[in-house]
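So the sequences go chain by chain: P and B.
Be aware that the first sequence starts at 1, since it is given in our numbering, and climbs by one per residue.
Be aware that the second sequence starts at 1001, since it is given in our numbering, and climbs by one per residue.
Quick caveat, the hints were computed from the structure, so don't treat them as lab data.
Be a bit skeptical, because a hint or two may be false.
[What the hints assert, rightly or not] Dumping the calculated DSBU-like pairs for lysine-lysine here, alpha-carbon to alpha-carbon at most 30 Å:
| hint | chain 1 | residue 1 | chain 2 | residue 2 |
| --- | --- | --- | --- | --- |
| 1 | B | K1500 | B | K1513 |
| 2 | P | K48 | B | K1438 |
| 3 | B | K1082 | P | K76 |
| 4 | B | K1568 | B | K1619 |
| 5 | P | K117 | B | K1500 |
| 6 | P | K2 | B | K1082 |
| 7 | B | K1619 | P | K19 |
| 8 | B | K1024 | P | K48 |
| 9 | B | K1627 | P | K117 |
| 10 | B | K1561 | P | K76 |
| 11 | P | K139 | P | K14 |
| 12 | B | K1082 | B | K1024 |
| 13 | P | K48 | P | K139 |
| 14 | B | K1392 | B | K1438 |
| 15 | P | K19 | B | K1501 |
| 16 | P | K14 | B | K1513 |
| 17 | B | K1500 | P | K19 |
| 18 | P | K48 | P | K117 |
| 19 | P | K197 | B | K1082 |
| 20 | B | K1568 | P | K14 |
| 21 | P | K14 | B | K1500 |
| 22 | P | K19 | B | K1627 |
| 23 | B | K1491 | B | K1082 |
| 24 | B | K1564 | B | K1513 |
| 25 | P | K19 | B | K1568 |
| 26 | B | K1561 | P | K163 |
| 27 | P | K14 | B | K1438 |
| 28 | P | K163 | B | K1619 |
| 29 | P | K48 | B | K1560 |
| 30 | P | K76 | B | K1491 |
| 31 | P | K14 | B | K1564 |
| 32 | B | K1491 | B | K1552 |
| 33 | P | K76 | B | K1513 |
| 34 | P | K163 | B | K1480 |
| 35 | B | K1500 | P | K76 |
| 36 | P | K14 | B | K1552 |
| 37 | P | K14 | B | K1491 |
Nothing here was measured: the structure is a model prediction, and the numbers come from that model.
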Amino acid sequence: MKTLILFAHPALHKSRVNKHIIEGLPALECVTFRDLYEEYPEFDIDVKCEQEMVEQHDIIIFQFPLFWYSTPALLKEWQDLVLEHGWAFGSSGNALKDKLFMCSITAGGPRKAYTEKDFHQHTLNQLLSPLRQTATLCKMIPLPPFVVFGAHGIQLPDITEHKSELLRLLESFRTGSFDPDRALEHEYMNDYVAQLKKS
Amino acid sequence: MEGGFLYQAFVYLAAAVVAVPVAKKVGLGSVLGYLIAGILIGPFVFEFIGEEGQDVMHFAEFGVVMMLFLVGLELQPSILWKLRVPILGLGGVQVLATAVVIGGITLLATSLNWQTSLAIGLSLALSSTAIVLQTLNEKGQLKSEAGQNAFSVLLMQDIAVIPILAVFPLLATNEAGTDDGHASHTIIEGLPIAAQTAIIIGVIVAIILAGRYLLSHVFRLIAATQLRELFTAAALLLVIGVTLLMTMVGLSPALGTFLAGVVLAQSEYRHELETDIEPFKGLLLGLFFIAVGASIDFNLIVQKSLLITYIVLGLILVKFLILATIGRVFGMKTDSNLLFSFGLAQGGEFAFVLFSFALQNGVMTSETTNPIIAAVAVSMALTPLLMLLNEKLIQPNFGTKESVEREADAIDETNEVIIAGFGRYGSVIGRFLQANGKSATYLDIDPNNVDLLRKYGFRVFYGDASRVDLLHAAGAHEAKLLIVSVDNTEKSVEIVANAKKHFPHLKVIVRTKTWADYYEMLEEDLEGVYREFSDGALRMGAQALSVLGLRKYRIQRSLKKFRKHDEKLLAELAESRHEQRNLINRAKRGIEEIELMIKDDLVSEASDKDLGWDTDTIKREFAPMFKEYEEGGNLRSESE
């Protein structure tokens, strides 16, 4: 299966974690990596080109730093413009039907901060519900998010660990060994990948 | 009083210059001003001019011909086609009905025979193109419903003159007069009807073909000489040539030039032709109105005051009633109909021609024609007054206001935007506007450029946009925005100055070249002032940064910030330059300013760091929390 990674980071020169995470992704087999802020620095998204790109892939991944519980502006613009009625959703909008959708996120705070009783007062999955519902409305299968928590304080060994998990996940997509049903049992994709390692 | 040409010219011009502004000031309009001027200098008041007024009138009728040419220029053939119903219907019915009714009344009320009565009816059915169009134009009503319909009727009347002239000899009951009328000398007279018809059709086709395929090339060659007066000469030559040609084959010159105008309405030289002919038309028409005023025979009016009063009132009343009835039948709103009916309810200059023709052909005698001619002149002089009366008294009380939609419906192809200078620079702007569904009127001074762009379907007109009259012809009085993208700095300064002076409502965006121009334009308080190269230079700088490995979005933000900062700095420098003007020599200033800007760049917001995306301060503040979590347990999966 072929994977499309839509990467959005407006200030990569200030980034530590994302810089590391995306390094080498463009070279992977069966992965198309699109750096949206580099592609469309003036927000001049080419809708037709983006739609064709999406149509050629089976798995769509949004890779982004979590800004104010949402995507960076350009990735939001991408959704607004590319996910057209009649193409992405509605009675005749079947272009995305049965594709897998996943968010791969770096979040500043630690995992524990994302609970109902803690700092952010919501779980990350609650906060991501707009994106999940968007995928559902577009007839895609939303997978649990892959998250690098604690990005503000994380050290290089941990980043590397996350990176290798992500690579393992992408490899399972490529080979077809990925099991969506089992993945859906987990709150975060990280946990599914950790299981893969065990088994 | 005796006097040569210069003396006469002085009298006419002085009368116009004195009377017209006064008439306009008191709200009477220029036509009435000219008429009053004519009466004043005529043989019955100050006697500055005598009987030669008649000759002047014949000469000045040429102004009417020019006016029809200009009207034609404003009418695309497609618009003319749309007017076919009012022209044939409204116009045809008006001419026939008026001729029959006036002829009938004449027959019943006088001892004249039916032939003479019919001739009078036909002559009086025609209205005054000159007075009506000029007055409507001055009131800005020419493109309204009433204006369009009035125009249609007048056009039909112009056409009707041809058969009327043909019918007159058949109505002759008296001995024919001396045969020296100017309308009866045509080169095709002796030919059989079929040949005449063929020649007439041939001439019309020739005018259309020449206008379509030949004249553009001729005008381009002339424009390429860059001699303005030569273009004016060519424009005049065209109008006079068509006039002569039409006279030769016995058609109305006004009709011929109108046709030429319509054919040229799509030409890129339309605005230039309009601009060149306009002043001649204005002067000649003015002269014509003065001559009409001067020719009113007050002696006769005093002698036969009762008869002439009856004729004038009867003429106006009958024509008004017929017009109003037809207007209603053709579905005009009351407001439009009132304007339309009052406007056309007079005798016209064609009546003078037709009566003198009738005299020559023995259709009437001078005892019959003289009082009627006097009455026609009076009715013409009364028209502006009647229209004023309608506007000020009748319409406000009895009319219904035309709805707003109707106004917008008026035939008007003026664009909201005028682009002066349609070369490499302006064409980018034009194409961009076009791509967004906003068409503009383009003006360019380079005939070759105009020609090339026309090939690709742009509506580009040849002309010098620094001329106020050309700006006006391009619709500057109705447009919203003027974009000055000409290459020549002096020209653009001139264009901006003219636009601000004569069209103060017009927003202006201007292209500048040097910093000096830029500063100068900044002080003009315009909608926008652009340095032609700054954006290109910035974009090149942006690509340089991208090649050097900077992220494109970061560059974009930086570019925009830099541009803002740069413009702000320039505006500040523009303000301060007055104090420094004498201190620093101009050539040196440029370098000093660049230095100043570079210094400012180092400390200004142009190098702002987009702190919203900076996590350093967040990390510092929340570090204890991260630590706590890390100590309290696993940063990662709990289920592991």
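Quick rundown of the hints versus the structure:
| no. | hint | result |
| --- | --- | --- |
| 1 | B:K1500 x B:K1513 | holds, 20 Å |
| 2 | P:K48 x B:K1438 | holds, 25 Å |
| 3 | B:K1082 x P:K76 | violated, 51 Å |
| 4 | B:K1568 x B:K1619 | violated, 35 Å |
| 5 | P:K117 x B:K1500 | violated, 66 Å |
| 6 | P:K2 x B:K1082 | violated, 61 Å |
| 7 | B:K1619 x P:K19 | holds, 18 Å |
| 8 | B:K1024 x P:K48 | violated, 62 Å |
| 9 | B:K1627 x P:K117 | holds, 19 Å |
| 10 | B:K1561 x P:K76 | holds, 23 Å |
| 11 | P:K139 x P:K14 | violated, 36 Å |
| 12 | B:K1082 x B:K1024 | violated, 34 Å |
| 13 | P:K48 x P:K139 | holds, 20 Å |
| 14 | B:K1392 x B:K1438 | violated, 38 Å |
| 15 | P:K19 x B:K1501 | violated, 59 Å |
| 16 | P:K14 x B:K1513 | violated, 39 Å |
| 17 | B:K1500 x P:K19 | violated, 55 Å |
| 18 | P:K48 x P:K117 | violated, 44 Å |
| 19 | P:K197 x B:K1082 | violated, 81 Å |
| 20 | B:K1568 x P:K14 | holds, 29 Å |
| 21 | P:K14 x B:K1500 | violated, 50 Å |
| 22 | P:K19 x B:K1627 | holds, 24 Å |
| 23 | B:K1491 x B:K1082 | violated, 40 Å |
| 24 | B:K1564 x B:K1513 | holds, 19 Å |
| 25 | P:K19 x B:K1568 | violated, 36 Å |
| 26 | B:K1561 x P:K163 | violated, 36 Å |
| 27 | P:K14 x B:K1438 | violated, 43 Å |
| 28 | P:K163 x B:K1619 | holds, 22 Å |
| 29 | P:K48 x B:K1560 | holds, 27 Å |
| 30 | P:K76 x B:K1491 | violated, 47 Å |
| 31 | P:K14 x B:K1564 | holds, 24 Å |
| 32 | B:K1491 x B:K1552 | violated, 39 Å |
| 33 | P:K76 x B:K1513 | violated, 40 Å |
| 34 | P:K163 x B:K1480 | violated, 59 Å |
| 35 | B:K1500 x P:K76 | violated, 45 Å |
| 36 | P:K14 x B:K1552 | holds, 14 Å |
| 37 | P:K14 x B:K1491 | violated, 50 Å |
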